[in-house]
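Peer 1: Sequence:
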Amino acid sequence: MKKFRKVLDGLTTSSPGGTIGSPSCGSAAGTPTAAPTPKEIDVQETLVSENFQLCKTVRHGFPYQPTALAFDPVQKILAIGSRSGGVRILGRPGVDCYCQHESGAAVLQLQFLINEGALVTACADDTLHLWNLRQRRPAVLHSLKFNRERITFCHLPFQSKWLYVGTERGNTHIVNIESFILSGYVIMWNKAIELSTKTHPGPVVHLSDSPKDEGKLLIGFEGGTIVQWDLRAKKADFRIYYDEAIHSVSWHHEGKQFMCSHSDGSLTLWNLRNTTKPFQVTFPHGKIQKDGRKESCKPILKVEYKTSRSSEPFVIFSGGLSYDKAGRRPALTIMHGKAITVLEMDHPIVEFMVLCETPYNNEVQEPYAVVVLLEKDLIVVDLTQSNYPVFENPYPMDIHESPVTCTAYFADCPPDIIPILYSIGAKHKKTGYSQKEWPVGGGTWTLGSHTYSEIIITGHADGSIKFWDASAFTLQMLYKLKTSKVFEKPKPGDGRAAEMGEDDPFAVQMVSWCPHSRIFCVVGISAHIILYRFSKYEANTQTVSLEVRLQCEPEDIITPSENENNPCFSEPTSHSPQTHYQHPVSPGSRTPDGAKDSVPSLKVKEKMVRVPPGYQSDLVIQLLWVDGEPPQQITSLDINSAYGLLAFGNCNGLAVVDYLQKTVILCISTLDLYGATDPYQRLTRSPRRNRQSTSEHCMRGLSNFYSDSKKRIRTSYQSLTELTDNQQSIDMERSKSPTSESRENSFSRSRSSSVSSIDRDTKEAITTLQFGESYGRKHDALPTPCLWVGTSLGVVILIPLSIPTDHEERMEDPVTVGPSGAVLMLKGSVLRFAFLDCNGALIQSPYEVWRDLNAPEDPDRPRRRKLVHFSPSSSQDAFGEGHLAVVCSERQAKVFLMPSQSCLFVHNITESSFVLRADVVSLCNSVCLACFCANGHVMTLSLPSLRPLMDVNYLPLTDMRIARTFCFTNEGQALYLSSPTEIQRITYSQEMCDNLQEMLGELFTPIETPEAQNRGFLKGFFGGNAHTFDREELFGEAAAGKASRSLAQHIPGQGGVEGMKVAASGVVGDLARARIALDERGQRLGELEERTALMMTSAETFSKHAHELMLKCKDKKWYQF
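Counting in this note's numbering, the sequence shown runs from 32 upward without gaps.
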């Protein structure tokens, strides 16, 4: 704990030679101020660096670019591999684990060690990895890197410790799972095929042991060759040469037949009695044409042949559709007896897997579901019902249903908000799902001590908003809102949005939500704002529309002032800022030259509509076209339910709207905001030159922008959108903000460089807004409602507001805006405001308690507004002591004392980069400033002293998506979109990192392996000697020798001893460890018994030889020896 003291009496002003950004003790603007009343700011700071640690917690959403699928039929857990080397392991809701290969190589195949708590992954860099799943954070136990051959297929028989690995050269290698070392036993391709064969059979595409005899291995080569290899005799039992390429093979459980899928869309069924030709050839989707030919069909990429006791076998395959029918969607075909069902999918099929009741391949399989992994979805089909319904997916796999364009994160929400949103959203859920329980139900998960409510809000390219319950490291959708319903559908002939070049005219840019008042505000890409109120009742409403003309006619050029090092801000005059609000002349008015003017980009529905319970639109605000040019993007927004006001700004100016009276009370350009306090010298020029400097960088075509991470997109961060006239591109590699760079250059130039500054002219945008109780002027005695305005040039302006307090007066009398008050300065674009009392506690914004405007009237209890205020003086002994204002920009953070406007503390956050996101958050009953920089650093600073508490180089900014979606929240949590389909949550709290193991789900649960069915005497007698097959005798080092060292390299992993040390505590972990110990003890006892038997045999032999020698020598004399 650190105690600091800042004495304020006798503060000196900054010297004339000092710079504006210097941490001087004078006012931020460098102007002389009267010495404040002698007093001391005495704050006990409780946060220290030991309170902070950064780590990932959980990842939500659909795995991006999936490549592989596996299922453990005993543990009931599912694994999905991805192209970036990630592995997601899913069990029951709450059991969701993400692992990442360090190499980042794509995952080609996954193989569970069934009921053993382990997983084998084969990656595109020809490396095998063994993962330990008996710990909550899985880790790699072993890795095996193939040096000379490329891995194409892997197969691990049930309850076997020997993994078969097929390669591109056509060879089959065998790996010991326990030691992860190659056996000397190799099946070379040239021995598998006949010597007379002239061509190479191709890569191995299939490996499986015969259900009838584990000593027989079926090898499928891509070229159409199939070989059954006798592992004991080391020779081929039979070879099949087919003229079509093979994609997959599947056995009948009796081991007498197998089925192959081919590249011509055919399925062949082979009987082991006669392998010269297929027993049956079918083209499931190849109809015979008029000329007698069959339709050409696409390849069948995979087939599964599964038997059932009570019905005909199931033949399930992907692909095989005819080429002639263009536009057909990818399909999964289920053949059950004579019935053929085609299930069309919304996305291409990556992989599918049939789930069966038994893990043994020589028993009747009894399939009950099919897991289908699509490129952008995961579907499970119920096979037990004739109509094949799908199961309702309990995981949040549809985050990317429409591309995510913005996020918001709220921790410690009011406890009643989640049940209310869920009850409303549940009414709109889809129906028709299978009534059976979700089949992937493995693992265990408990709520733990992490009990506060959390909500994540995602905005999407199609204008939809999704509310998610994010409590306790889970994610469940609560409620979906479609903002596009407020507007008329754009007509093809209209094309106002098309003229702006917007593929997604309703795309959400930013959101503002007050959980207490349940007021919700959405900013859209077409320069529109929608305000929603929450109601539990449906209602007939007509949305009110306001149209605002916010256009700066003479564009401004920012030049260094003559007194740039010590600009003197005089007290503003009492003139009212001129309002530029205009009503449109007509909806489609045009100027004489034909240019579009005074029309919005979208058309609001004018008729009365019936809206369901939930969020109902109350007001739409749209910026208008001016002289044929579309409105500029809205860059900042704040709403305050206690004041009934909404403020927004862009690169042209600021507007304030009274949403209770549905009127615009202020609409002013940035230049006019300053009045007489403008710190810059501005030169006007022709308004026509480069009108669209920022529009060039709008976020076009959000549905497609993920394919190009370098594409220029519009974002709510001013650092990334506000560009200078030279059209410099957004290049994140240089980690510099264009506006900050321009700002820094302007300060480093000489005072006479106004001519050269014309080349760097910049619009000054409103980058952040905050309503709150504050002091608009230095000599104010009491706090009043104020609007804090931050700009892209580092200027902070306070605008005092006069709001009627009486309920009736508030609905009738106008809200008045005072002239601009204090002006403060920082380096870089202003990002965040926050207010602390003089004890260092965070002052919450005032809010209105939620009331349902559509509820039935109660004559005894008239519906009145109930406001909750947090006055800066409420926690002080003396009235009107003031408060602290925390201001953070792209480059630095400052803490000011209000109303004196004295800068108490300043910290330069970064010199070489710039801050993308900054939030003042509560943690451990205290507050701190959390920052995320473009160079990937995550930092926290103490408040109010701005001491660095944590600085971690966590995440290089490789994608604009991260910058657009990164956000901090209370209780030491943050999130960002790690891929277009996944949300990554992280924590910067040491306490949460320490308790993370308890909060995560347990992947492995000790379960008894099902016993194999009794085969009966005759079946056991005539069914081969599968159960007497000992792989150790064939593949062990004693029999097969050692493999060549140059063939593969063994790499020990980090998850061995450490994995057991950090294994989850509790009964489950203890049981798992006890079982392992028992297994090891039993193994050692078995070895001891074998060694004892060997010693007894050796002793008997020695005794026998000794007796024979004694008899031989008994009658001999001494001289006969």
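Errors might be hidden in some of the hints.
[To be verified] Within a straight-line C-alpha distance of at most 25 Å, the following computed SDA-like cross-link-like pairs (lysine to any residue) qualify:
| # | residue 1 | residue 2 |
| --- | --- | --- |
| 1 | K308 | H378 |
| 2 | K266 | L303 |
| 3 | K329 | P344 |
| 4 | K897 | T694 |
| 5 | K407 | V395 |
| 6 | K636 | D703 |
| 7 | K266 | R304 |
| 8 | K265 | L226 |
| 9 | K333 | R263 |
| 10 | K176 | R1076 |
| 11 | K333 | I271 |
| 12 | K809 | E843 |
[What the hints assert, rightly or not] Ranges of calculated distance between the beta carbons of each label pair, as one might list FRET restraints:
| # | residue 1 | residue 2 | range |
| --- | --- | --- | --- |
| 13 | Q311 | T1132 | 35 to 41 Å |
| 14 | Y453 | E209 | 24 to 30 Å |
| 15 | S1075 | T230 | 22 to 28 Å |
| 16 | F1133 | K287 | 50 to 56 Å |
| 17 | N418 | S210 | 48 to 54 Å |
| 18 | S1075 | T1123 | 48 to 54 Å |
| 19 | S210 | K287 | 31 to 37 Å |
| 20 | S210 | K325 | 20 to 26 Å |
| 21 | H1081 | K458 | 44 to 50 Å |
| 22 | E285 | S210 | 33 to 39 Å |
| 23 | K460 | E285 | 27 to 33 Å |
| 24 | N418 | Q311 | 26 to 32 Å |
| 25 | K460 | V373 | 22 to 28 Å |
| 26 | N984 | R1076 | 51 to 57 Å |
Everything labelled a hint here was simulated from the structure, so no lab data went into it.
Given the structure is predicted, the values throughout are model-derived calculations rather than measurements.
The beta-carbon is built from N, C-alpha and C at its ideal position, and this holds for glycine as well.
Peer 1: Now look at each hint and say whether the structure bears it out.
Peer 2: Structure-based check of all given hints:
1. K308 x H378: 36 Å, violated
2. K266 x L303: With Cα atoms ~16 Å apart, K266 and L303 stay inside 25 Å; holds.
3. K329 x P344: 24 Å, holds
4. K897 x T694: Satisfied, since the Cα-Cα distance of roughly 22 Å is no more than 25 Å.
5. K407 x V395: 33 Å, violated
6. K636 x D703: 34 Å, violated
7. K266 x R304: Holds, at about 18 Å.
8. K265 x L226: 15 Å, holds
9. K333 x R263: Roughly 30 Å separates the two Cα atoms, so the pair is violated.
10. K176 x R1076: Since the Cα atoms of K176 and R1076 sit roughly 11 Å apart, the hinted pair holds (cutoff 25 Å).
11. K333 x I271: 19 Å, holds
12. K809 x E843: 31 Å, violated
13. Q311 x T1132: 35 to 41 Å: Between Q311 and T1132, where Cβ atoms are some 59 Å apart, the hint is violated.
14. Y453 x E209: 24 to 30 Å: 48 Å, violated
15. S1075 x T230: 22 to 28 Å: With a Cβ separation near 26 Å, S1075 and T230 satisfy 22 to 28 Å, so the hint holds.
16. F1133 x K287: 50 to 56 Å: About 52 Å separates the Cβ atoms of F1133 and K287, which means 50 to 56 Å holds.
17. N418 x S210: 48 to 54 Å: About 49 Å separates the Cβ atoms of N418 and S210, which means 48 to 54 Å holds.
18. S1075 x T1123: 48 to 54 Å: 37 Å, violated
19. S210 x K287: 31 to 37 Å: 36 Å, holds
20. S210 x K325: 20 to 26 Å: 51 Å, violated
21. H1081 x K458: 44 to 50 Å: Taking Cβ atoms as reference, H1081 and K458 lie about 57 Å apart, which means the hint is violated.
22. E285 x S210: 33 to 39 Å: For S210 against E285, whose Cβ atoms are near 34 Å apart, the range 33 to 39 Å holds.
23. K460 x E285: 27 to 33 Å: 44 Å, violated
24. N418 x Q311: 26 to 32 Å: 28 Å, holds
25. K460 x V373: 22 to 28 Å: Once the Cβ atoms are compared, 27 Å apart, the range 22 to 28 Å for V373 and K460 holds.
26. N984 x R1076: 51 to 57 Å: At roughly 38 Å between Cβ atoms, R1076 and N984 fall outside 51 to 57 Å, so the hint is violated.
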